[in-house]
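Trainee: Sequence:
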Amino acid sequence: MGTTSIIWFRKGLRLHDNPALLAAAQGADHLCPLFILDPWFLQPDKIGVNRVQFLLESLADLDASFRARGSRLLVLRGKPQEVLPRVFKEWGVTRLCFESDTEPYANQRDATVRQLAETAGVEVHSPVSHTLYDPQLLLARNGGKPPLTMQAFTKLVDAVGPPPAPAADPPEKLPPLAPQAASLAAAACSVPSLSDIGYPPAGSTPFKGGETEALARMADYLSDKDWVCAFEKPKGNPALFLRPATTVLSPYLKFGCLSPRMFHAKLQQIYSERSGKHTQPPVSLRGQLLWREFFTLCGAAIPNFDRMEGNPICRQIPWVDDADFIQAWEESRTGYPWIDAIMAQLRQQGWMHHLARHSVACFLTRGDLWCSWEAGQAVFDKYLIDADWSLNAANWQWLSASAFFSQYFRVYSPISFGKQYDKNGDYIRHFLPVLKNMPAKYIYEPWTAPLSVQQAAGCIIGKDYPRPIVDHATVHKENMAKMKAAYDAGKAAAAGHTAAAATAAAAAGADGASGSASGSTAAGGKGGGKPAKRARKS
DNA sequence: TAATTGTTGGCAGC
DNA sequence: GCTGCCAACAATTA
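Our numbering puts the first residue of the first sequence at 612, with every later residue one more than the last.
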């Protein structure tokens, strides 16, 4: 009996370093490359046009690559749990291969598909290639629990050793489609247009999807080896938008147009040429891949990772979701140009610099508006072309000081933070054209401009551009006090879970801690009587 | 128990 | 452009 394989694409939209594709092609008489447009991922009110456009471009590129190898991509529509059993039968499928995925939706879907495959007598291969390491392996090596700090994660990865090398390239000539699939191929199973699937005809992102773009972009950024070796994440300029300060490889990694193992191997190659003279994780370029790895592991191992309630690592904070605030934030109407420009870049391009994301995330949650990080997460998930379930949830928890990060007293200023990088406000002028003629002196705080200046700039505050919806100077202090209260309540609740004796001990411990805190300030002198100062910025 | 460190704060004062 | 303070968290190390 002959072998008929399906390589089922979901993420991993590439031919390079694709072990599932190799497993599918291995000794197969027929190979059917398949993508299923799941209605779950095509909801215009929840998933914006830019990311869907990026997906369709990636599929078109994948199709072209298969055609160059004597095959083609088949794009079907519907729920995979319904489409797959149908084609198993129609195409005479004996083997199903797909890249492993740890997101909750994918977990459920794939568990069902495995059962359906078993029922149909179809063997299943599901290798790991979306991440550097197999999350289950990392978890096992860490005693079944995910590390919760980057340091702990880095230590774990160091102990495990280098990730697997990228898989070999697929053969120049791939097995043909199954005859039944080939006849179907004449009909409607091409990559659809945006309008075919209920979206506006075009998005507005300048970033184009696909493996070809991904490899070209990687080559472009890696060609400057000095830049690669000197890369230090927090030092980038979030206001650069013509050539961003980071690689913008995130959307390609999200969809798997680029293999993280390939990117990692290229980085290690460049580092080795420089004999150790390069930046290190967590700030280096390689470190950025490790962050992705760390948060993906957390997402895979922590229940309810995209929610506050029922999420064991997330602090319970009494956010108040004010619908008007959330909408103003989403639609660039907060009255703070730095914040509104970033949100405009998000809606227009589907991408912003990491520090820009920090600014707006802090502003929505603990900094200014006191809305839940889950509300912000949904907006990011709608517009970002690189929206990744685990990374989005992790970063929102980080920025809202709900998990991973606890220094809630460090608040980004919606006025001064951007000014450090872009004194003239070119970034604001570009993304908020209504402010393009506002003098630099007022562009971060246009409500302070005299009326005559507003008139000359053609932008009246309160009419052409909104007044600030909150007073940052006031609310950020109030919010800090609320954070303090929420943290204290959390500690009290944790203490309440312990036995009576332990509670008493915890109370004594709390007293001791507060005493030691003031003591350390008083006794902080070291040698010259000055408190020990640690370098925050190099 | 104290000190140190943690990818990425703001601000006054010099 | 640098230093030190603000009022202060939590995990790890010594």
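Hint data in this document are derived by calculation from the structure and do not stem from the laboratory.
All C-beta atoms, glycine included, are put in the ideal place defined by N, C-alpha and C.
Check before you lean on any hint, since a few could be wrong.
Just the calculated beta-carbon pair ranges, DEER-fashion [stated by the list, open to error]:
id, residue 1, residue 2, range
1, Arg1078, Gly921, 33 to 41 Å
2, Met761, Ser1027, 21 to 29 Å
3, Ser1027, Arg725, 49 to 57 Å
4, Glu843, Arg752, 43 to 51 Å
5, Tyr716, Val1064, 46 to 54 Å
6, Ser801, Arg725, 25 to 33 Å
7, Gly921, Pro775, 28 to 36 Å
8, Arg725, Arg854, 40 to 48 Å
9, Gly1069, Pro773, 44 to 52 Å
10, Asp837, Gly809, 21 to 29 Å
Mimicking DSS-like on lysine-lysine, the simulated pairs with C-alpha atoms at most 27 Å apart in a straight line are [said to hold, decoys possible]:
id, residue 1, residue 2
11, Lys690, Lys766
12, Lys993, Lys1052
13, Lys819, Lys993
14, Lys993, Lys844
15, Lys819, Lys622
16, Lys766, Lys888
17, Lys836, Lys846
18, Lys784, Lys836
19, Lys844, Lys888
20, Lys1030, Lys844
21, Lys766, Lys657
22, Lys622, Lys993
23, Lys1074, Lys1093
Trainee: None of the hints should be skipped; say for each whether it holds.
Mentor: Taking the hints in turn, this is what the structure says about them:
1. Arg1078 x Gly921: 33 to 41 Å: holds (39 Å)
2. Met761 x Ser1027: 21 to 29 Å: The hinted range 21 to 29 Å holds for Met761 and Ser1027, with Cβ atoms some 27 Å apart.
3. Ser1027 x Arg725: 49 to 57 Å: holds (53 Å)
4. Glu843 x Arg752: 43 to 51 Å: Check failed, 29 Å falls outside 43 to 51 Å.
5. Tyr716 x Val1064: 46 to 54 Å: holds (51 Å)
6. Ser801 x Arg725: 25 to 33 Å: At 29 Å between Cβs, range holds.
7. Gly921 x Pro775: 28 to 36 Å: At 34 Å between Cβs, range holds.
8. Arg725 x Arg854: 40 to 48 Å: holds (44 Å)
9. Gly1069 x Pro773: 44 to 52 Å: violated (58 Å)
10. Asp837 x Gly809: 21 to 29 Å: violated (47 Å)
11. Lys690 x Lys766: violated (41 Å)
12. Lys993 x Lys1052: violated (34 Å)
13. Lys819 x Lys993: Satisfied, since the Cα-Cα distance of roughly 18 Å is no more than 27 Å.
14. Lys993 x Lys844: Cα-Cα ~25 Å, so holds.
15. Lys819 x Lys622: holds (16 Å)
16. Lys766 x Lys888: It holds: about 21 Å lies between the C-alpha atoms, which stays within 27 Å.
17. Lys836 x Lys846: Given that 27 Å is the threshold and the Cα spacing comes to 17 Å, the pair holds.
18. Lys784 x Lys836: violated (35 Å)
19. Lys844 x Lys888: With Cα atoms ~17 Å apart, Lys844 and Lys888 stay inside 27 Å; holds.
20. Lys1030 x Lys844: Holds, at roughly 19 Å.
21. Lys766 x Lys657: Roughly 38 Å between the alpha carbons, so the hint for Lys766 and Lys657 is violated.
22. Lys622 x Lys993: Given pair Lys622, Lys993 holds - Cα atoms ~18 Å apart, limit 27 Å.
23. Lys1074 x Lys1093: violated (33 Å)
When each numbered hint is compared with the structure, violations occur for hints 4, 9, 10, 11, 12, 18, 21, 23.
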